[in-house]
Amino acid sequence: MKSWIAFWNILKKDMRTYYLKPPNISWGIIFPVAWTLMLFVKSGGSVNIISLLPGVMCLSILFGTTSMLAVTITFERRNRSFERLLIAPVDLNLLIFAKTSGAILFGIVNAFFPVVMALFLTPLFDIAWFPVLADVFLISATSTFMGLFIAVSVSEVFEAQTFSNFFRFPMIFLCGLFIPIQDLPGFLKPLSYILPLTYGADILKSLISRDGHMGIAASFLILLVFCLVLFWFSMRNVKRKWIV
Amino acid sequence: MNIVEVNDLVKRYDSFTAVDGVTFHLTEGEIFGLLGPNGAGKTTTINMLTGLARITSGSASVAGLTYPGGLKKAQRLIGIVPDESNLYEELDGFENLCFCAALYGISRKERETKARELLEQFNLTEAGERPFKAYSKGMKRKLTIAAGIIHDPRILFLDEPTTGIDVSSARQIRALIQELHRQGKTILLTTHYIEEAERLCQRIAFLVQGKIVRLGTLPDLMEEVQQGNVVQFTLSKATPDLAEKIFGAFPEIQTETINTNTIRFFSATPINIAPLTRFFDELGLSIFEAKRIHPSLEDVFVKVTKVVLNQMKQEKGGGKG
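Chains as they are written, first to last, in numbering that gives the first Met the number 0: chain A, 0 to 243; chain B, 0 to 320.
No lab work stands behind these hints: they were computed from the structure. Do not take every clue at face value.
Claimed, not checked - Listed below are the simulated DSS-like cross-link pairs for lysine-lysine, each with C-alpha atoms no more than 25 Å apart in a straight line:
(1) K1/A x K113/B
(2) K12/A x K302/B
(3) K108/B x K136/B
(4) K290/B x K236/B
(5) K184/B x K72/B
(6) K20/A x K132/B
(7) K11/A x K113/B
(8) K12/A x K184/B
(9) K1/A x K136/B
(10) K210/B x K302/B
(11) K244/B x K210/B
(12) K1/A x K188/A
(13) K108/B x K12/A
(14) K1/A x K72/B
(15) K72/B x K238/A
(16) K210/B x K305/B
(17) K305/B x K238/A
(18) K12/A x K113/B
(19) K240/A x K71/B
(20) K11/A x K290/B
(21) K240/A x K290/B
(22) K71/B x K1/A
(23) K210/B x K12/A
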């Protein structure tokens, strides 16, 4: 019970201090609008909202979670307030779970901004929203744990931003959202299959625009494995690098 | 009863040994001082005891809870005030205290009551709604101490609590430490201000280059520099041949000229100052002051550690007084 009081208050503080700040909320709105407009202009005005939705959702999650967690944790470590958490009688796994939960929730909310916007333009009634929510959760979690991996690897806030882009930009082009994997050069294809976003994006494509290529169940399983492995790997690094 | 036990504690960072076989204990209710220059290993020792650094070798236990297995339980009994205030800049004073209490699983009602009490106790009630980033250094340090004790710990680790703050705030903090001591808290205080350690601590350890070079109560440590009897005279002026003249008149007394008008007399037996005053009178010298000199902890520290004191004092500003 005592640990959960700590968990809830860490999550609440992070949401209030970082994620629910006006610049971040506006980011959540502006980012999907900007991507939609860009693709709208590119397609010469004949854009299909349904086919755009999986991509915009994925990118909203990816950009929101990875940078937010990496930056906030690096910021707290720089000003030493993160030590407050490490000296508290809270299990390290629960502590990291609390810190990442804020980013995961932020990712989920970001993902549904484009959905709400799309609702004004097209009907979205025949979509199985529960699996979509589960997929959005897993994409959010994997992206967050990537953010955690970045946070453990850097010591400055600007490094966190730069290092995030090192992962994010290749992922956008290799995950099959904008360039189908089968159209990628042969040497790049294996890279696509080691990216968690490839599986998350394919599930969304299967559920929303019905043009996914991989089995939904298998993709869910692979995404879950990515999630667990990234969490385990990040925790291992946290223990090694933050408590020296 | 020993509430903290540290045995042969070692901390290595690759080939650098920050703490080298440190052994000490804290008795329940005492203020124990770790005194040493920057880089002596004081903060690293505290970090190992609070869970911020891993122990390379040796053992540590708090209230019978042996590390590393008992660390999480021990953390409930420990309050920590780090050398730099590490509260959340974006939260106000009240929110910071409530958040720190929540980390120890304290219920909402209880933590809000406790936070208000502490803000009042630390004269921060008016500042309670101001963001932490708007606080002065002294206020920040006071709120950090309040955050360290909000869960009512049995043991408090204070890492350089008065470093870098103004004289008035430093005095207030020392008074707070004494008040916490009166409340029965066991306190481990690290400092490089010798006067602070002398004023606050029952027992003191000198830590230099990761090693404890001396440990004891203040009277124990003072024994190191007992020089028999020392009397200091401040005269109208001390002529260059004065020491020679004194030696001629009082061969059993050793002298040391401190400056142009101050001279010290050393003797194994008590010094009778009447013949000395007559002697100076005959030489036509006025005596402005005559006082007995007692050795200070500073004398002990310099003798034992060979650390250059001025250098140590200049390492970090503020705090004295």
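- prompt: Is K184/B within 25 Å of K72/B, Cα to Cα?
  reply: Satisfied, since the Cα-Cα distance of roughly 18 Å is no more than 25 Å.
field: K1/A paired with K72/B [C-alpha distance capped at 25 Å]
entry: 12 Å, holds
message: Can you confirm whether the C-alpha distance between K244/B and K210/B stays at or below 25 Å?
response: Violated - the C-alpha atoms of K210/B and K244/B are around 46 Å apart, more than 25 Å.
query: Going straight from one Cα to the other, do K240/A and K290/B come out at no more than 25 Å?
result: Cα-Cα ~57 Å, so violated.
message: So if I understand the rule, the pair passes when the alpha-carbon distance is 25 Å or less; does K240/A with K71/B pass?
response: Between K240/A and K71/B the Cα gap is close to 19 Å, so the pair holds against 25 Å.
query: Is the Cα-Cα distance between K12/A and K113/B 25 Å or less?
result: 19 Å, holds
- request: Starting from K11/A, check that the Cα of K113/B is at most 25 Å away, please.
  value: Roughly 20 Å between the alpha carbons, so the hint for K11/A and K113/B holds.
- prompt: K11/A and K290/B: Cα distance at most 25 Å?
  reply: 63 Å, violated
message: What's the verdict on K72/B and K238/A, does the C-alpha distance respect the 25 Å limit or exceed it?
response: 18 Å, holds
query: Has the given pair, K1/A with K113/B, been kept, meaning a C-alpha gap of at most 25 Å?
result: 17 Å, holds
query: Given the hinted pair K210/B and K302/B, is their alpha-carbon gap at most 25 Å?
result: Holds: K210/B and K302/B sit about 16 Å apart, inside 25 Å.
message: Against the 25 Å threshold, does the CA-CA distance of K12/A and K302/B hold or violate the hint?
response: 51 Å, violated
Hints 2, 3, 8, 9, 11, 12, 17, 20, 21, 23 from the earlier list are contradicted by this structure; the remaining hints agree with it.
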